[in-house]
Amino acid sequence: MKITGAEALIKALEMESVDVMFGYPGGCILPAYDPLLKSSIRHILVRHEQGAGHMAEGYAHVTGRPGVAMVTSGPAATNLVTPLCDAYMDSIPMVAITGQVSTTAIGTDAFQECDTVGITRSITKHNELVMSAEDLPLAIRQAFHIATTGRPGPVLIDVPKDVLQNSMTWHWPTDEEVQASLPGYHPTTKGHPRMIKEAAKLMLTAERPVLYLGGGVLKSRAAEVVREIAELLNIPVVTTLMARGAFPDSHPLCLGMPGMHGTAAAVTAMQKSDLLIALGARFDDRVTGKVSAFAQEAKIIHVDIDPAEQGKVRRPDVPIVGDCKLVSIEILKALRELLDGGEVQADIAPWRSRCSGWQEQFPLSYEPSAPGAALKPQFCLEQIRDHAPEGTILVSGVGQHQMWSSQYWHFDEPYTWVNSGGLGTMGFSVPAAIGAKVGRPDKTVWAIDGDGCFQMTAQELITASISKIPIKVGILNNSYLGMVRQWQEMFYGERYSEVDLGGGVPDFVKWAEAMGCVGIRVDSPEEVAPAIERANSINDRPVVVDFRVEEFEKVFPMVAAGASNDDIILQPSQNERREYLR
Amino acid sequence: MSTYPSPQRHHILSVLVQNKAGVLARVASLFARRGYNIFSLAVAPTEDSQFSRITIVVDVEGTTLEQIVKQLFKLIEVVRISELDPQKSVERELFMATVRTDGENRGQIVELANIFEAKVLAVGVDALTLSLEGSPEKLDDFEELLRGYGIVELQRTGRIALPKLDREAHSRAVKGKAS
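Protein sequence lines, in the order shown, are assigned to chains A and B.
Going by the numbering used here, the first sequence wraps up at 608, each residue one higher than the last.
Going by the numbering used here, the second sequence wraps up at 318, each residue one higher than the last.
Derived by calculation from the structure, the hints in this document are not laboratory data.
The model shown is predicted, which means the values in this text are computed figures rather than measured ones.
Among the hints, erroneous ones may be present.
To be verified - Here are the simulated lysine-lysine pairs, PhoX-like style, with alpha carbons at most 20 Å apart:
(1) B:Lys258 <-> B:Lys277
(2) B:Lys213 <-> B:Lys159
(3) A:Lys216 <-> B:Lys209
(4) B:Lys303 <-> A:Lys338
(5) A:Lys359 <-> A:Lys216
(6) B:Lys213 <-> A:Lys338
(7) A:Lys223 <-> A:Lys338
(8) A:Lys494 <-> A:Lys469
(9) A:Lys298 <-> A:Lys325
(10) A:Lys37 <-> A:Lys223
(11) A:Lys37 <-> A:Lys64
(12) B:Lys159 <-> A:Lys216
Produce the complete structure using the sequences and hints provided.
Right, dumping it as structure tokens:
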């Protein structure tokens, strides 16, 4: 039976078990929106294509399933560039479908034509311009296969209008056909047995080991087995910004987040370590600080599914290419065999007590606000955290509020934290939270945003209102580009240049109400808890809480850009105890 | 004057790719994106029309080469990458040049071409177009000698290479099984 390319496209998405997609119709993609009317797929109509992309990301973050975004050609495709790059940097599985001008018009500078595959080539795991309707089902199958296997990432399929309109004979490719069509794509998932054994031996002999967990632990769904490894050997654990929730913050072995705004304990433990066991982490510059001064005495076991991460920043002593979960299971087995065979783990009790000492001496802290003075953003976060229903998903934008969110929330479950780590995309929070809520409607979703970030993508709250996606947004509103302001204060002699967002405008409550949300303004500490409780009780529409917070609050600890992690800047009140960091 | 980088920094990558639209752009943009320098590049279909072979000469230190190879291998359409050791491979390149001649020195140029076993492709009133196929080093020498006569236009193809047929393993497979 003959069907159109558009029907084949939608059918292919259904075959891939897509239950929801985020999109925006327009000229070239128009034919695909007709069969969508009869489809089982729920389509969320966004207000800007960037929103569709971030929603797909948020959905993928919390469900582990690929997020799908569909938009038209030209400006719609270019609006998708930021989320694609974001998903690429953070290894988020995503499939983007863009309309394209008809095959006969390609290259003529036709209306709404742009070189979408050219523009997105370096920010997608793969992309493809489909030139015939017959090729659509295979292209879609390949896209989902590539997006979700190996190191996950975004795949873009560009579909010319006539390809959607032409008729074709439906054929759904088999697994074998997909494999055969990708002769160069065979991700290594099983670790090398000799390397795994070597890793296990090193772990038993290390006196100052640290488990350095990255986003790959969550991507491979390895949290449980990694916890078993940590508990078997009592190894302290740090969770990077992309791995928050991969290991419970409440666990005695957890030192929290490492890196530029990590806890002093996590940063220092890595620095003094003699063995870093990096699982699905990529030695990002925000974690290592000055690379030549990073964990100089540490041997490195590096487990990553992407061979290109091995040795990219730091040469590992034991490189293991493979899926974090599969490799961790094998490492655990190898450890148990060694222990059963009579091997004895080195005494790491002194190391454990050094790490706990750092934790006790240098907890995350801030100066509470003086009576009558402005709210502290950290206090607002603590209150949201303490009032949050169990399993609440926290989503953040980028900047100070993101760091405070990561620091002050207690992440005890995987997939409860969504943020833009690698690309650092301001405006990520609201649309990503919408995507997360669509993926997990059973959970409370709080978006923590800055006033700068909020103004970039707030229009998606209209999408949330109309499509009945009741997220909660807490704006930590200091009326500044807070992180940039902090850098200007600390590194540019308090010369503030273009960071004042002009407090008072816009009126976030009115704006929220105009978009069909409930808006609440909070100025003083005693208003915080009631506002949060009210927000938590509203489940028929989105809520925006405008927390008016202290303008000059800074994020601590901090490692200045390019500085050594040894030169961590502590919360000022902890400076006198600095000697304990040795 | 050698046109090619010093042997320590000169690496030949033989990259087998799916013969599809856009693959060359993908490879080229990866080099640009990661800040690697392509020295020369030649691309054509192989004996199997499904695949093309891209021969890339890169000018880098060893550690960067490892990253280049690994990043290249991440491209979905890249099927295999071999680094060809210059000592253990045969390399060829094609060279064409139009050289000015005043008539008197035409004989000298033709003689020079004969010594190098180059071909005279076209004869003009005051110029000759020559072609030479051979090892890149031989082409370098020929180019240097022609320069004195005045080269009007010059085009080289970039090298192509295959492993030498000797008893040992000739091409070190850099990729295939990730290490």
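Right, here's what the structure says about each hint:
| no. | hint | in the structure |
| --- | --- | --- |
| 1 | B:Lys258 <-> B:Lys277 | 14 Å, holds |
| 2 | B:Lys213 <-> B:Lys159 | 16 Å, holds |
| 3 | A:Lys216 <-> B:Lys209 | 18 Å, holds |
| 4 | B:Lys303 <-> A:Lys338 | 32 Å, violated |
| 5 | A:Lys359 <-> A:Lys216 | 14 Å, holds |
| 6 | B:Lys213 <-> A:Lys338 | 14 Å, holds |
| 7 | A:Lys223 <-> A:Lys338 | 23 Å, violated |
| 8 | A:Lys494 <-> A:Lys469 | 14 Å, holds |
| 9 | A:Lys298 <-> A:Lys325 | 11 Å, holds |
| 10 | A:Lys37 <-> A:Lys223 | 46 Å, violated |
| 11 | A:Lys37 <-> A:Lys64 | 10 Å, holds |
| 12 | B:Lys159 <-> A:Lys216 | 30 Å, violated |
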